[in-house]
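Asks: Residue numbers (the numbering used here), protein chains in the order written: chain A, 1 to 184; chain B, 185 to 430; chain C, 431 to 806.
Note that these hints are calculated values from the structure, not bench results. It is possible that part of the hints are untrue.
The calculated lysine-lysine pairs, modelled on DSSO-like cross-linking and capped at a C-alpha distance of 30 Å, are [stated by the list, open to error]:
no.: 1; chain 1: A; residue 1: Lys110; chain 2: A; residue 2: Lys156
no.: 2; chain 1: A; residue 1: Lys169; chain 2: A; residue 2: Lys156
no.: 3; chain 1: A; residue 1: Lys156; chain 2: C; residue 2: Lys727
no.: 4; chain 1: A; residue 1: Lys152; chain 2: C; residue 2: Lys727
no.: 5; chain 1: A; residue 1: Lys88; chain 2: C; residue 2: Lys480
no.: 6; chain 1: B; residue 1: Lys201; chain 2: B; residue 2: Lys341
no.: 7; chain 1: A; residue 1: Lys88; chain 2: A; residue 2: Lys123
no.: 8; chain 1: B; residue 1: Lys389; chain 2: C; residue 2: Lys480
no.: 9; chain 1: A; residue 1: Lys126; chain 2: A; residue 2: Lys101
no.: 10; chain 1: A; residue 1: Lys164; chain 2: C; residue 2: Lys435
no.: 11; chain 1: A; residue 1: Lys161; chain 2: C; residue 2: Lys480
no.: 12; chain 1: C; residue 1: Lys587; chain 2: A; residue 2: Lys88
no.: 13; chain 1: A; residue 1: Lys101; chain 2: A; residue 2: Lys125
Per the computed footprint, the stretches of chain C lying under chain B, defined by three or more beta-carbons under 8 Å from a beta-carbon of chain B, are [claimed, not checked]:
no.: 14; region: 452-460
no.: 15; region: 489-495
no.: 16; region: 523-530
no.: 17; region: 657-665
Beyond 12 Å from chain C on every Cβ pair, some chain A residues (computed) [what the hints assert, rightly or not]:
no.: 18; residue: Asp3
no.: 19; residue: Ala21
no.: 20; residue: Gln34
no.: 21; residue: Asp151
no.: 22; residue: Lys169
no.: 23; residue: Leu182
C-beta: ideal position from N, C-alpha, C; glycine also.
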Amino acid sequence: MQDAFNIVVSGEGGQGVLSIAKIIATAAWLQGKQAIYLPSFSTEKRGGVSMAFARVGDAPIRFPRFQKADMCVALSQRALERLRRYLKDDSVLIVNSFLVKDVSAFAAWKPRLVDATTIANEKLKKPRTFNMVIMGAMLRFIPGLTVGGFDKALEKQFASKYAKDPALKELNDKAFGLGYELAA
Amino acid sequence: MPDAIANPQAATHAFPKCVRIESKPHLYCPGCGHPEVLKALGFAIDELGIQQRVAFGIDIGCSLLAWDYFNLDTVETHHGRTIPTMAGVKRSNTDAVAIAYVGDGGAYAIGAGGLLNAAVRDEKILVIVVNNALYAMTGGQESPTTPPGMKVATAPKGADQYYIRAPEVIRSVNPSAFVARGITTVQPALRQLMKAALQHQMDGKGFAFIEVLSQCPLNWGTMGEPEKTFNFLEHGLAEVFPVKRY
Amino acid sequence: MAEKKFLMGNEAIGRAARAAGARAMFGYPITPSCEIMHFWAGEASSDRGKEDRLVFTQAEDEAGAGFMLIGSVLTGTRAFTATAGPGHVIIQDAFSMAEAMRLPIVAFVMQRGGPSTSTVIYSQSEVTLACFGGNGNGYRVVYSPATVQELYDYGIKVFNVAWKHRFPTILLGDGYLAKMMAEVELYDPSERGIVMEPTEAYILERTRARRLEDVVPSPEIHIRHADGVEYACLRNCLNLEEEALAVNTEIKAAFEAAAPEIEEHETYGDASAPTLIIAHGTVSAAAKTAIDGLREKGVAARLFRPITLNPFPADALREAVAGAKRVFVPESADGQLARIVAHALCGRAPAPFVEYSRPSMGILPEEIEMLVLDAK
Numbered sequence: 001m002q003d004a005f006n007i008v009v010s011g012e013g014g015q016g017v018l019s020i021a022k023i024i025a026t027a028a029w030l031q032g033k034q035a036i037y038l039p040s041f042s043t044e045k046r047g048g049v050s051m052a053f054a055r056v057g058d059a060p061i062r063f064p065r066f067q068k069a070d071m072c073v074a075l076s077q078r079a080l081e082r083l084r085r086y087l088k089d090d091s092v093l094i095v096n097s098f099l100v101k102d103v104s105a106f107a108a109w110k111p112r113l114v115d116a117t118t119i120a121n122e123k124l125k126k127p128r129t130f131n132m133v134i135m136g137a138m139l140r141f142i143p144g145l146t147v148g149g150f151d152k153a154l155e156k157q158f159a160s161k162y163a164k165d166p167a168l169k170e171l172n173d174k175a176f177g178l179g180y181e182l183a184a
Numbered sequence: 185m186p187d188a189i190a191n192p193q194a195a196t197h198a199f200p201k202c203v204r205i206e207s208k209p210h211l212y213c214p215g216c217g218h219p220e221v222l223k224a225l226g227f228a229i230d231e232l233g234i235q236q237r238v239a240f241g242i243d244i245g246c247s248l249l250a251w252d253y254f255n256l257d258t259v260e261t262h263h264g265r266t267i268p269t270m271a272g273v274k275r276s277n278t279d280a281v282a283i284a285y286v287g288d289g290g291a292y293a294i295g296a297g298g299l300l301n302a303a304v305r306d307e308k309i310l311v312i313v314v315n316n317a318l319y320a321m322t323g324g325q326e327s328p329t330t331p332p333g334m335k336v337a338t339a340p341k342g343a344d345q346y347y348i349r350a351p352e353v354i355r356s357v358n359p360s361a362f363v364a365r366g367i368t369t370v371q372p373a374l375r376q377l378m379k380a381a382l383q384h385q386m387d388g389k390g391f392a393f394i395e396v397l398s399q400c401p402l403n404w405g406t407m408g409e410p411e412k413t414f415n416f417l418e419h420g421l422a423e424v425f426p427v428k429r430y
Numbered sequence: 431m432a433e434k435k436f437l438m439g440n441e442a443i444g445r446a447a448r449a450a451g452a453r454a455m456f457g458y459p460i461t462p463s464c465e466i467m468h469f470w471a472g473e474a475s476s477d478r479g480k481e482d483r484l485v486f487t488q489a490e491d492e493a494g495a496g497f498m499l500i501g502s503v504l505t506g507t508r509a510f511t512a513t514a515g516p517g518h519v520i521i522q523d524a525f526s527m528a529e530a531m532r533l534p535i536v537a538f539v540m541q542r543g544g545p546s547t548s549t550v551i552y553s554q555s556e557v558t559l560a561c562f563g564g565n566g567n568g569y570r571v572v573y574s575p576a577t578v579q580e581l582y583d584y585g586i587k588v589f590n591v592a593w594k595h596r597f598p599t600i601l602l603g604d605g606y607l608a609k610m611m612a613e614v615e616l617y618d619p620s621e622r623g624i625v626m627e628p629t630e631a632y633i634l635e636r637t638r639a640r641r642l643e644d645v646v647p648s649p650e651i652h653i654r655h656a657d658g659v660e661y662a663c664l665r666n667c668l669n670l671e672e673e674a675l676a677v678n679t680e681i682k683a684a685f686e687a688a689a690p691e692i693e694e695h696e697t698y699g700d701a702s703a704p705t706l707i708i709a710h711g712t713v714s715a716a717a718k719t720a721i722d723g724l725r726e727k728g729v730a731a732r733l734f735r736p737i738t739l740n741p742f743p744a745d746a747l748r749e750a751v752a753g754a755k756r757v758f759v760p761e762s763a764d765g766q767l768a769r770i771v772a773h774a775l776c777g778r779a780p781a782p783f784v785e786y787s788r789p790s791m792g793i794l795p796e797e798i799e800m801l802v803l804d805a806k
């Protein structure tokens with residue numbers, strides 16, 4: 001019995017792990033889904049492995065955690081190791097291939113390799129778009145979420161930021177699109 | 185027996201109006217300095233006409249015997265917590281005149297964090313610390329103001345070298361606070377300090393702090409020897425802790 | 431107007447306090463409760479907050495926060511604090527005083543790992559401390575919410591319970607609830623027919639609707655009159671054993687009189703199921719999902735969830751266990767709920783109950799399912 005689509009994101013502190021899961025959950029909720037987000041925070045702000053959970057579904061979700069994930073997102077090599085316990089046979093595995101070099105032990109899950117770091121830094125020249133590339137890749141696999149709906153949700157979420165910096169929206173959309181295509 | 189003790193009702197002229205005459209004779213040991221501090225405070229309250237506005241917070245230790253002393257809204261607590269309690273009163277009822285009445289142990293040891301930060305936050309309260317250089321109620325233990333060499337229950341060979349001069353510390357963290365040290369033996373000046381400190385609060389100016397050097401004949405081992413008591417107060421203590429406005 | 435939002439638990443609590451008409455908050459930073467304070471700091475410094483004369487003070491420590499809170503409540507202000515873990519230990523000093531004088535302080539406690547500093551993440555290890563901490567006898571009200579929505583609902587209710595019954599009242603959440611984001615329906619209490627209990631000052635109050643002598647235990651209060659004015663004198667320090675006994679006896683009588691009105695519980699699942707799970711807070715939310723899962727597997731189970739941990743709904747629990755053949759008590763602590771349950775049952779459990787103690791660990795619905803299935 002599964003009451004939601006379960007997502008776990010893990011990476012190094014400071015990589016934006018928490019924001020990715022939080023934005024995904026918020027956007028899903030804004031799109032009319034039920035959602036819960038839980039950061040697995042620790043005492044240190046930076047420097048450790050951080051992890052965050054998002055659950056998206058149609059019925060009310062009672063509990064923020066789960067045993068197995070439908071989607072695992074690893075932003076660094078050691079984060080990937082941490083995610084192993086959440087993998088089940090049909091989990092979608094997305095990795096930031098810039099930092100995750102060795103996926104040989106995870107071949108069974110056919111990891112989607114997304115070099116979000118290079119795209120953000122070199123193609124878009126804006127390291128902060130890293131998150132959007134990852135989210136673009138994630139969105140393709142989350143049932144019930146559409147690119148259009150997610151877009152609208154983001155506009156609502158970032159309304160004040162976009163008002164101040166209209167170029168940011170364009171950049172974010174581009175980053176999101178690149179991630180989405182890469183995960184195909 | 186003097187008249188005022190045999191028949192306190194007849195001696196009202198000797199007391200501030202806000203004093204609760206039925207509670208006399210007071211609960212303090214003979215020769216204790218607390219009643220002198222309380223009287224000075226009471227007269228200042230009378231002169232300012234604020235009896236109905238005062239929230240009087242008293243701490244554990246001999247300070248708590250003041251619970252009986254006045255007709256004032258009074259709350260007793262412990263361990264220097266009287267200071268944050270009065271800060272909470274004042275922040276929530278700005279019309280109140282909040283007074284925290286604490287001993288040197290409560291204010292400078294267990295409640296030091298509360299006192300120091302009330303000064304840093306410039307809480308609009310008056311803190312009165314009665315400094316008799318030791319813990320009196322619990323049996324004469326060493327406090328942060330026990331002067332070097334003084335023999336007390338927990339320093340039988342004499343207290344060690346360092347001690348706190350609190351008004352100096354308070355001044356260093358709060359340049360605009362009212363800060364003073366008084367002494368029980370100079371009543372008119374003490375009364376003036378109390379009045380000025382209360383006025384400071386009533387004018388919305390912020391933190392006010394008075395330390396009062398006070399005698400404890402019981403724990404000083406000078407009971408029945410007023411000369412020794414006051415010699416230690418006015419020389420032993422006052423030479424270490426200067427009596428003045430800061 | 432009621433509206434749905436996607437909020438972090440801590441923010442839901444801040445908004446509940448605001449909706450309840452609370453005016454003051456005193457706190458000290460500690461994870462995972464900080465955002466409650468951040469929210470209130472923002473409110474208090476906003477134009478609207480200034481209009482409403484909101485008070486916010488960041489204290490030097492939890493003793494400072496707790497006693498400022500006491501000072502605030504003494505002036506008749508609806509006021510609260512928020513804390514967790516080691517801060518919760520320190521603030522018991524103030525809770526004890528509130529218990530002694532029957533001061534309606536409100537505290538939002540978000541449990542983290544224990545003992546001592548431990549993790550900042552999650553536990554149910556502060557149940558004993560919340561219910562029976564301090565050097566008193568546990569005369570305080572403790573609610574255990576299970577969802578972010580309940581943080582809001584009970585976040586309003588705690589103020590009313592505190593001020594109506596005049597007992598310190600604690601909303602005992604945890605790190606999951608504090609930090610997770612979920613849908614919350616926000617509303618004004620009046621839209622739901624909730625009338626906020628009036629507050630009244632303990633000191634500096636010259637005309638009273640409720641006699642202070644009917645609230646504060648008699649050895650601790652002395653009302654004086656001078657020139658036609660009434661002065662209230664309150665003290666904690668007593669001289670005689672008999673006075674201390676009287677204080678405790680009076681508080682106990684008041685607590686027991688109020689308890690039936692305060693006690694709250696919830697049941698879930700097939701009422702005739704022989705398998706009973708007793709759980710509170712976040713674990714009870716997991717237990718509901720486990721019960722749904724078990725039903726799909728053809729196993730009937732039900733939940734008894736105490737919503738108030740103190741006073742504990744003992745009569746309701748006894749009724750619930752009456753038909754049970756197997757009883758499970760999962761909790762993210764080592765037997766803290768189980769001890770309360772055992773006391774409430776006094777040996778009247780129909781079957782030995784199975785404790786599933788996972789101190790400072792989250793308990794997943796799947797684990798509870800396994801627990802039941804393995805025992806079959």
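Asks: Does Lys341(B) lie within 30 Å of Lys201(B) when you go C-alpha to C-alpha?
Replies: violated (45 Å)
Asks: Can you confirm whether the C-alpha distance between Lys161(A) and Lys480(C) stays at or below 30 Å?
Replies: holds (27 Å)
Asks: At 12 Å, judged by beta carbons, does Asp151(A) keep clear of chain C as stated?
Replies: At roughly 17 Å from the nearest Cβ of chain C, Asp151(A) sits farther out than 12 Å, so the non-interface label holds.
Asks: Does the no-contact call for Leu182(A) survive, Cβ to all of chain C over 12 Å?
Replies: Non-interface label stands for Leu182(A): nearest chain C Cβ at 28 Å, farther than 12 Å.
Asks: Does Lys169(A) pair with Lys156(A) here, judged by a C-alpha cut-off of 30 Å?
Replies: Holds. Lys169(A) to Lys156(A) sits at ~12 Å (cutoff 30 Å).
Asks: Just to make sure I understand the rule, a stretch counts as covered if three or more of its residues have a C-beta closer than 8 Å to a C-beta of the chain. Does the region 489-495 of chain C meet that for chain B?
Replies: Since three or more residues must qualify, the claim that chain B covers the region 489-495 of chain C holds, with 6 doing so at under 8 Å.
Asks: Does Lys88(A) sit within 30 Å of Lys587(C), going by the straight-line distance between their CA atoms?
Replies: violated (42 Å)
Asks: Counting residues of the region 523-530 of chain C with a beta carbon closer than 8 Å to any beta carbon of chain B, are there 3 or more?
Replies: Holds, because 3 residues of the region 523-530 of chain C bring their Cβ atoms closer than 8 Å to Cβ atoms of chain B.
Asks: Count the residues of the region 452-460 of chain C whose Cβ falls closer than 8 Å to any Cβ of chain B, and tell me whether that reaches three.
Replies: holds (count 3)
Asks: Could you grab the alpha-carbon distance between Lys88(A) and Lys480(C) and see if it respects the 30 Å cut-off?
Replies: Violated. Lys88(A) to Lys480(C) sits at ~53 Å, over the 30 Å cutoff.
Asks: Regarding the assertion that Ala21(A) does not contact chain C, is the least Cβ-Cβ distance greater than 12 Å?
Replies: violated (10 Å)
Asks: Can you confirm whether the C-alpha distance between Lys389(B) and Lys480(C) stays at or below 30 Å?
Replies: holds (20 Å)
Comparing the model with each earlier hint shows violations of hints 1, 3, 4, 5, 6, 7, 12, 18, 19 and 20; every other hint is respected.
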